[in-house]
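All chains, full assembly: derive it from the sequences and hints.
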Amino acid sequence: MNEKRKVKKKQISEVWRRLKRNRAAIMGGIIVLLFVSMAILAPWIAPYPPNEGDLGKRLKPPSREHLLGTDPLGRDLLSRVIYGARISLQIQIISVAIALVIGTVLGMIGGYYGGKIDNLIMRLIDILLAFPGIFLAISIIAVLGPGLMNLMLAAGIYSIPQFARIVRGSVVSLKEKEFIEAARAVGEKDRDILLRYLLPNSLAPIIVQTTLRMATVLLTASGLSFLGLGVQPPTPEWGAMLSNARAYLITAPHVATVPGLAIMLVVLGFNLFGDGLRDSLDPRLRD
Amino acid sequence: MWRYVWKRILMLLPVLFGVSLISFSLLHLVPGDPAEILAGEEANPEFIKALRQEYGLDQPLYLQYFHFLSHIVRGDFGISIRNREPVINLLKERFLFTVQLSFISILIAGLIGLLAGIISSTKQYSLFDHISMLGALLGISMPIFWFGLLLMLVFSVYLRWFPAGGTGTIFHLILPAIALGASGSAVIARMTRASMLEVIRQDYIRTARANGLREFIVIHKHALKNAMIPVVTVFGLEFGYMLGGAVLTETVFSLPGIGRLMVEGIFQRDYPIVQGAMLLVATTFVLVNLLTDIAYAFFDPKIRYE
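First to last, the sequence lines map onto chains A and B. Take 68 as the starting number for the first sequence in the working numbering and just add one per residue. Take 826 as the starting number for the second sequence in the working numbering and just add one per residue.
Just so you know, the hints here were simulated from the structure itself, not pulled from any lab data. Ideal Cβ placement from N, Cα and C applies to all residues, glycine included. Hints should not be assumed to be uniformly reliable.
The calculated lysine to aspartate or glutamate pairs, modelled on EDC-like cross-linking and capped at a C-alpha distance of 20 Å, are [what the hints assert, rightly or not]:
#, chain 1, residue 1, chain 2, residue 2
1, A, Lys242, A, Glu255
2, A, Lys242, A, Asp259
3, B, Lys832, A, Asp193
4, A, Lys71, A, Glu81
5, A, Lys183, A, Asp193
6, B, Lys832, A, Glu132
What the simulated footprint calls covered on chain B by chain A, stretch by stretch (three residues with Cβ under 8 Å from a Cβ of chain A suffice, anywhere in the stretch; the number is not a length) [said to hold, decoys possible]:
#, stretch
7, 900-908
8, 1074-1088
See the structure below:
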């Protein structure tokens, strides 16, 4: 047991060593860290309450008083962007968790048992993939109706196929390996083989996918809110803020610039960190 | 080759069945009586009863599904609740618009992506390579709708080069097409670069260079042909994704596309429109993917035998 722990520790320090050398990944990690800190510390660092506005100060450009200016209702944009990080992080975590759990279970069952059950699961995944990009999430919202909860569910279901396919691929390649055959030979139950051997050995692609999906989910969720199908006003969600800003593009372009920049930076951060993590966990994947 | 094509078509059937089932279920999953929903808010009981009979909504669900399917294959997607117009007429117009927009987008994305990818691969680790790959990363990370707003701000509001929205001329479609194609061009550039780098390292390219062939000939005649095989797949996939992603661009630029129609349908609880749009876009996407797979198998014989 001690030996096993030592090997694991060595592996983790090796991954960390490789990750540290990847400047882009570190930059991505810092962006993600700043974003998460902003979300957690929002009530302490936001200069104004996010939903309190002064109509006398509507659409003001950036100034000392309001560093990023104000929105059409005179609310402080910086405070809304900071609080928006909370909503975004919440959507990302819950949506990705839904996709991670369902996708991993489906992928593991399909990959391990194969045959008809695998075929059935994969055809279900194909059906989900038949709706291009955000269209699947929109179709789900069409059934469930707009709102934060439904948005998280739609963005979660939208990401299930990617997890299911990756986990299935990993399980299919692992299940023929000697250590799995050995586990079977000593009479280990299927559930134990799946949870104690196959899942831990599939963790690397799952972690990478989770990081990259945090980026995609943010793009999808903010897109849905932009369309009016996701988070509803006055909640300070970045996509919804952009939707609101369209009408003021000429008179107050700053209203449309800031929330979009926030989305792009966070997505970029997760993409950079995810790419770096993939290279560090499996250097063979590097081009 | 034909065996592969048939196999792929057969694999398509359960997917199309699933898509039609999801689309059919929509009316039954949303709260309320389907006949009352179809009749609209101010309908009288006689009209609701007539609709119930016409659409077979008083029959068991499996019969209703076959009823739905038999109408769909005849091109009858029902009547719009709001406009009282056949859904197919509304879909046709809006769908052709989205296809047109996606087509221009993929052309722009392909041109930019291929050029950036090829130059980056031939000048690996150069300043151009770094800048274009950073651009690709930004392209993937940028929300389409935000990029659309920025393009509008710069090229319509400040420079006044292009109209800010609406339709009529090809100029109306340039900015929306660029916004929609940004992430596609980024994906194509990355894929082209990776594929080219792999091919350039092959022995036969080294041999071509050793034989004294000019670099231009080596790249364009020998490397590009093989490197393009996986890129074909990306083109097909990206075109399909554009059909879905167009909804955001259509919203930013107030364009009459199918995505916008579907979102309007959701807001107005016009479910026949939503059902029709879901079916049409998903079926087209699946067919585009099928054609992409066939094209891939045509160019790369290994695929057919796997």
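Results for each hint:
Taken as a hint, the lysine 242(A) and glutamate 255(A) pair is honoured in the structure, with Cα atoms around 14 Å apart against an allowance of 20 Å. Annotation: proposed proximity of lysine 242(A) to aspartate 259(A) holds, straight-line Cα distance about 13 Å (limit 20 Å). Note on lysine 832(B) and aspartate 193(A): the hinted pairing holds, with a Cα-Cα distance of about 15 Å set against a maximum of 20 Å. Taking the CA atoms of lysine 71(A) and glutamate 81(A), the gap is near 15 Å; set against the 20 Å cutoff, the hint holds.
For the suggested pair lysine 183(A) and aspartate 193(A), the alpha carbons sit about 15 Å apart, so the restraint of at most 20 Å is met. For the proposed pair lysine 832(B) and glutamate 132(A), the alpha carbon gap of about 66 Å is over 20 Å, so the pair is violated. Counting residues of the stretch 900-908 of chain B whose CB lies closer than 8 Å to any CB of chain A gives 0, which falls below the minimum of 3, so the coverage claim is violated. Given as covered by chain A, the stretch 1074-1088 of chain B passes the check, having 5 residues with a CB less than 8 Å from a CB of that chain where 3 are the minimum.
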